[in-house]
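A.B. asks: Chain A is already provided as a structure; the job is to place chain B on it using the hints.
Protein chains: 2
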Amino acid sequence: MFHSKVFVTLKKSILDPQGKAVEQGIHSLGFEAVANVRIGKYIEMDIDTEIKADAERMTKEISEKLLANLVMESFSCSTEPVIE
Amino acid sequence: MFHSKVFVTLKKSILDPQGKAVEQGIHSLGFEAVANVRIGKYIEMDIDTEIKADAERMTKEISEKLLANLVMESFSCSTEPVIE
Numbered sequence: 035m036f037h038s039k040v041f042v043t044l045k046k047s048i049l050d051p052q053g054k055a056v057e058q059g060i061h062s063l064g065f066e067a068v069a070n071v072r073i074g075k076y077i078e079m080d081i082d083t084e085i086k087a088d089a090e091r092m093t094k095e096i097s098e099k100l101l102a103n104l105v106m107e108s109f110s111c112s113t114e115p116v117i118e
Numbered sequence: 035m036f037h038s039k040v041f042v043t044l045k046k047s048i049l050d051p052q053g054k055a056v057e058q059g060i061h062s063l064g065f066e067a068v069a070n071v072r073i074g075k076y077i078e079m080d081i082d083t084e085i086k087a088d089a090e091r092m093t094k095e096i097s098e099k100l101l102a103n104l105v106m107e108s109f110s111c112s113t114e115p116v117i118e
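The listed protein sequences correspond, in order, to chains A and B. With the numbering used here as the guide, the letters of the first sequence map in order to residues 35 to 118. With the numbering used here as the guide, the letters of the second sequence map in order to residues 35 to 118.
Hints listed in this document are in silico derivations from the structure and should not be mistaken for laboratory results. Owing to the predicted nature of the structure, the values given are computational and were not obtained by experimental measurement. Just so it is clear, CB atoms sit at the ideal spot from N, CA and C, and this is done for glycine as well. Hints are all accurate, no fakes.
From the structure, some residues in chain A lie toward chain B, with a derived Cβ separation under 8 Å:
#1 THR43
#2 GLY59
#3 PHE65
#4 VAL68
#5 ALA69
#6 ASN70
#7 VAL71
#8 ARG72
#9 LYS75
#10 TYR76
#11 MET79
#12 ASP80
#13 THR83
#14 MET92
#15 LYS99
#16 LEU100
This is chain A alone, in the form it adopts within the complex:
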């Protein structure tokens, strides 16, 4: 069994209005030093397989096909064995 984490972020060239709104919220809390807030998605999943390479390949394929819109978003992922 493996546990995968996928981080999906908007590409740098794409405006992030949600991030801008959160940034304004952070400033209004008094944290003026904060800038360039970007919001992304964080997806976790368990994959029932014994082979790490299989789990990594599946995670990458799922990210490309379903989780990330590669026109606007990029992703990174990591896969670790589950210690039971």
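C.D. replies: Showing chain B alone in chain A's frame:
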């Protein structure tokens, strides 16, 4: 200058219908081995300070006050210097 990453996830005891929907999508793509899909938020920000402890404290405070709803969500964060 420091770069902070915050991961906000629903607590284990809270149902995640969005994760369930994504899980069904993953299964319908043919990845039957995937289970326990959970969706969270991933927030990145730059913090303009010279002191790492300050950046870490700010990240934690912002997460607690604004980014995470601690009744339903938990968060983890990391802060690294920006290499320019």
